[in-house]
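Protein chains: 4
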Amino acid sequence: MASIKYPLILINFKAYSQSSGKKAVELAKVAEKVSKDTGITIAVAPQLTDLALVASQVEIPVFSQHVDAVDPGSRTGHVTLEAVRDAGAIGTMLNHSERRVRADEVDVVVKKAEKLGLVTVVCANTPEVTAAMAALGPDMVAIEPPELIGTGIPVSKAKPEVVLNSVKLVKKVNPSVKVLCGAGITTGDDVAAAIKLGTVGVLLASGVVKAKDWEKAIRDLVAPLLK
Amino acid sequence: MASIKYPLILINFKAYSQSSGKKAVELAKVAEKVSKDTGITIAVAPQLTDLALVASQVEIPVFSQHVDAVDPGSRTGHVTLEAVRDAGAIGTMLNHSERRVRADEVDVVVKKAEKLGLVTVVCANTPEVTAAMAALGPDMVAIEPPELIGTGIPVSKAKPEVVLNSVKLVKKVNPSVKVLCGAGITTGDDVAAAIKLGTVGVLLASGVVKAKDWEKAIRDLVAPLLK
Amino acid sequence: MASIKYPLILINFKAYSQSSGKKAVELAKVAEKVSKDTGITIAVAPQLTDLALVASQVEIPVFSQHVDAVDPGSRTGHVTLEAVRDAGAIGTMLNHSERRVRADEVDVVVKKAEKLGLVTVVCANTPEVTAAMAALGPDMVAIEPPELIGTGIPVSKAKPEVVLNSVKLVKKVNPSVKVLCGAGITTGDDVAAAIKLGTVGVLLASGVVKAKDWEKAIRDLVAPLLK
Amino acid sequence: MASIKYPLILINFKAYSQSSGKKAVELAKVAEKVSKDTGITIAVAPQLTDLALVASQVEIPVFSQHVDAVDPGSRTGHVTLEAVRDAGAIGTMLNHSERRVRADEVDVVVKKAEKLGLVTVVCANTPEVTAAMAALGPDMVAIEPPELIGTGIPVSKAKPEVVLNSVKLVKKVNPSVKVLCGAGITTGDDVAAAIKLGTVGVLLASGVVKAKDWEKAIRDLVAPLLK
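Chains R, F, Y and L, in that order, are what the protein sequence lines are.
Our numbering applies: residue 1 is where the first sequence begins, and numbers increase by one.
Our numbering applies: residue 228 is where the second sequence begins, and numbers increase by one.
Our numbering applies: residue 455 is where the third sequence begins, and numbers increase by one.
Our numbering applies: residue 682 is where the fourth sequence begins, and numbers increase by one.
If you're looking for bench data, these hints aren't it; they were derived computationally from the structure.
Fair warning: this is a prediction, and the values are worked out from it, not measured in the lab.
Glycine residues also receive a C-beta, built at the ideal position from the N, C-alpha and C atoms.
Accuracy of the hints is not assured; some may be wrong.
Here are some chain L residues pointing at chain R (derived, C-beta under 7 Å) [unchecked claim]:
| no. | residue |
| --- | --- |
| 1 | E707 |
| 2 | R781 |
| 3 | E809 |
In silico lysine-lysine, DSSO-like type, Cα no more than 27 Å apart, as pairs [claimed, not checked]:
| no. | chain 1 | residue 1 | chain 2 | residue 2 |
| --- | --- | --- | --- | --- |
| 4 | R | K172 | R | K115 |
| 5 | R | K33 | F | K439 |
| 6 | Y | K483 | F | K399 |
| 7 | Y | K626 | F | K398 |
| 8 | L | K893 | L | K792 |
| 9 | R | K112 | F | K249 |
| 10 | Y | K626 | F | K339 |
| 11 | L | K717 | L | K849 |
| 12 | F | K249 | R | K115 |
| 13 | Y | K566 | L | K891 |
| 14 | R | K172 | L | K796 |
| 15 | L | K838 | L | K793 |
| 16 | R | K36 | R | K172 |
| 17 | L | K908 | R | K168 |
| 18 | Y | K483 | L | K703 |
| 19 | Y | K666 | Y | K476 |
Residues from chain F shown here face chain R by an in silico Cβ test under 8 Å; the list is partial [to be verified]:
| no. | residue |
| --- | --- |
| 20 | S244 |
| 21 | Q292 |
| 22 | K342 |
| 23 | L343 |
| 24 | G379 |
| 25 | V449 |
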C-alpha cells in the first residue's frame, strides 16, 4: 500500500498555463530534485491531462487533482481511481474548493481508494466541513478558506483559528486522519506556522507555480522543516 | 490550424480497463499502424489522465474525451482547451451521453476551439439535439442513440432513420458541420452503412477496445473505406 | 391545449424578497388587474414554492421558473412538468442564465410539454444558443445577454444586434418558434424597441419586482402595446 | 424559533402523482387530522410547487423537500430558505438520496437555517455519511440506505446494524443531533423498531402516499407511539 512520509508539501499545478504540458514535467522534476536533496516529501498534482506523463517521469508522489466516484467501464470523460493508479499516481485530491463534490461521492472514493492502496486528500472550506470530511476516513483532509486561495495571505498566519479549530474537530471526529492546510501559503515561514498549528504539512499552488524561480521557491518552503 | 482528412474512424477509449494507462499507448500505436498502412484517418480519444502520454507517443490525431468551458488559471480538477492543446491533442469530444454538458458550455468551447485551432466533435442523443449542437458550429457532430451504446447493435443499421434525420436537420441548420454516427458500431459493414447515410465516419468504443485482436478489429472497420 | 395571445409581457419574480410568499400573490393580482384593464397578456413566474398558491389566486397565465427533465414518481426535491400542470400553471421557463440545463434536458421537456399541453419558454444567452434552443422546438425562446440582466440597460436598445441576430437565426432554424427578449427591460420604450426588433414580447424581473409602484411600472410597460 | 416535538413521523410526498397539487392538500389534511387526534407529531414534505399552498391549509409542520444554498435576489428557479419560511414551512429536508448536494452546501444551509429559526433534516445514505452530516450540526439527520427506498422492506428491521451504527457515530460526532431513519418504512411495527434502535422517528413516502386509505396507513404508523 502506498504511504506518505510526513511532513508533506503538496504542490497543486491547477490549470495554470505556467505548469501545463511539458512545463508540468519540468516543474515536477524540480520538485523531485529538491525532495531528493533535502529528504522532505514533496508531492505534485499536475493537470488531469498531464497525469500519466508526469508520473512516468518522476519518482516523487504524484496526485490527481480530482477523481470521479465511478468504476471503470463504459464512461466517457471521467477520471476513475483505477485510471489514477494506472497512470502511476499515488493517490488523489478531492473536493477542492474549485471542484467540489458531494459527501456521498467522497465516501465512495475513500472506501475504494483504501482497497486499491491509494492515498486520499480531501479538501474542505470550513472547520465544520473539514470535520465532516474527516468522518469519512480519508488519509488526509486539507482545510483551505476559499477567500484566501491565491492571495499570498497565508491561512496559517491570517486565520490560525480556522486551522486550529479544524485540527481540534478532526481529532475529535476521527483522530487517525491527518490535517494539511492551504490557501495563501508562499514561504517557509507559512509552512512553519502551519506545522505549529498541528498540521502535517501544506497544500499550495500559485506560491510555487507562479514563482520566477521554482527551485528557489520550493527550497524556501522546505527550509524550516530541515532544522 | 489542425485539420482532419475524412472519412474518420474515431476510437473512444472510455474508462475501459482494457485501454487504461500503458495499454492506452499500446492501443493507440496499433491504431497508428493501421492508419499508416491504409491511409485512412484513425483518431483516438484516451482517458483524460492518459492524454499527454498517448499524444507524446503517436502521430495520429488524439482527442480529449471531454473539456470544461473554463480558462487556464486558478482551477483545480478541470480540463481546459489549452491543456488539451499543451498535451499534444488535436481537439476534443464534448457532450457525450456519458458526460453531457449545457448548450452554453458547448457554445463557449466551440468558439474558443476555433481560435486555438482545435477540432471539436460534439455528441448528441437525438436528431433534434444534433441539430441544436450543429447550430453552435462545431467541426463535427456525432449522433449516438444512448440505448444502443455498447450493445453491438449498430445505429447505422438498426436505426438508419435517426442518422438520416440527423444528417437532414444538420444540413438545414448548418451545412458546414460534418456528421459522425456512433453506438453499436463494430464492423466494416456498420461503417459502410454509416457512410451511405451521409456521415463522414464513425465514433466507436467497445467494438475495438474489447476486441481480442485490436489490429484485426480496426482493419475490419477500415476495409470498406479502401474500396 | 394552453395557448398564449401575443404580445406577451412575462414577469419573472426570481428569488426576490419583494415578491416572495404572500407578496407573490399580491404582485400577481396587480399584473392580473392591468391585464384585464388593457387586454394585453401579462404572465407571471413566481418562485417554485409559491407556484400552486399563486396559480390558485389569479387567472392570468402562470409559469414555473424551472422544471426538471424527470417523470413523476420516487423523486425528491424535483419539479416535474406534471407538478407544474397540477399546480395550475400554463407552462414553464427553462434554461434561464441563472439556472441553466443541458440541451438534452430541454429536448425531453419540450417534447413532453407538447404532449401535456404546456407552454415552454427556453432562455438563451447568445444568438447561437438561441438558435440551438429553437432547434428543439419550444413555443418560445428568450434571448437574454447575462451581462445586462438586472442592470436596467435594456438589451433592446443597448444590444439590438444581439436580438436581431437571434430573430434571424431562429427564423432560419425553426420559424415556428417565437422570440422574446430580456435583460435590462424596465420601460414601455424598451418593450416597444423589443417588438420592433421582431420579438413577440419581453421577459423581465427587477424592472417590475423592485419598482416602488408595481401597477405604475406594469402600466408603463404595456402602454406602447395599446397604441 | 421553530421546534419539533418528538417522536416524529415525516411524510415525504416526493413527486408522486398521488400527492400532487390538490391531492397534496388533501393528504396533508389527513395527516393533520391524525396528528390532532393522537397528539403525535406528523409532518409533511409536499412537492416544491405545492409548498406555500399546503402550508396555508394545515397547521402541522410542513417541510420543503430541498433547498438551495443561495440567498434571495436575482436567482431564477432556485429555492431559498427565505422562500421556505415565506411559504409558511417550518424547515427543510436536504441531501435526500434522490437530490444530493455537496457538504459545503449543507454547511451553508444549516448555519443559515439556525439564524432564520428553521428546522433542518439532512439525509444520508451510509453510517459514515450520516456522521459527516451530523458534524455540520443540523437538527436531525436521516439515515436511508438507498437500495431499500420504495421497497417496503424496512431499514429498521432489514438492516438494523446500519441504523445502530449511524446512531452510534452521530452520538460520538455531535450528540445534539437527532437521528431519523427511513427506507421501506410502511407499518407501525417498522416505526416501533426504529425507535428501539435509538432514533426519534421515521421518514417515509410510498408507505403512506401509495396507500389506498391514507388515514388508515397513518393511524397504523402512529399506533405503537401511543402505548
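Status of each hint after checking the structure:
no., hint, verdict
1, E707, "34 Å, violated"
2, R781, "5 Å, holds"
3, E809, "5 Å, holds"
4, K172/R with K115/R, "25 Å, holds"
5, K33/R with K439/F, "43 Å, violated"
6, K483/Y with K399/F, "44 Å, violated"
7, K626/Y with K398/F, "12 Å, holds"
8, K893/L with K792/L, "40 Å, violated"
9, K112/R with K249/F, "22 Å, holds"
10, K626/Y with K339/F, "24 Å, holds"
11, K717/L with K849/L, "33 Å, violated"
12, K249/F with K115/R, "22 Å, holds"
13, K566/Y with K891/L, "24 Å, holds"
14, K172/R with K796/L, "26 Å, holds"
15, K838/L with K793/L, "35 Å, violated"
16, K36/R with K172/R, "35 Å, violated"
17, K908/L with K168/R, "44 Å, violated"
18, K483/Y with K703/L, "21 Å, holds"
19, K666/Y with K476/Y, "17 Å, holds"
20, S244, "5 Å, holds"
21, Q292, "4 Å, holds"
22, K342, "15 Å, violated"
23, L343, "12 Å, violated"
24, G379, "12 Å, violated"
25, V449, "23 Å, violated"
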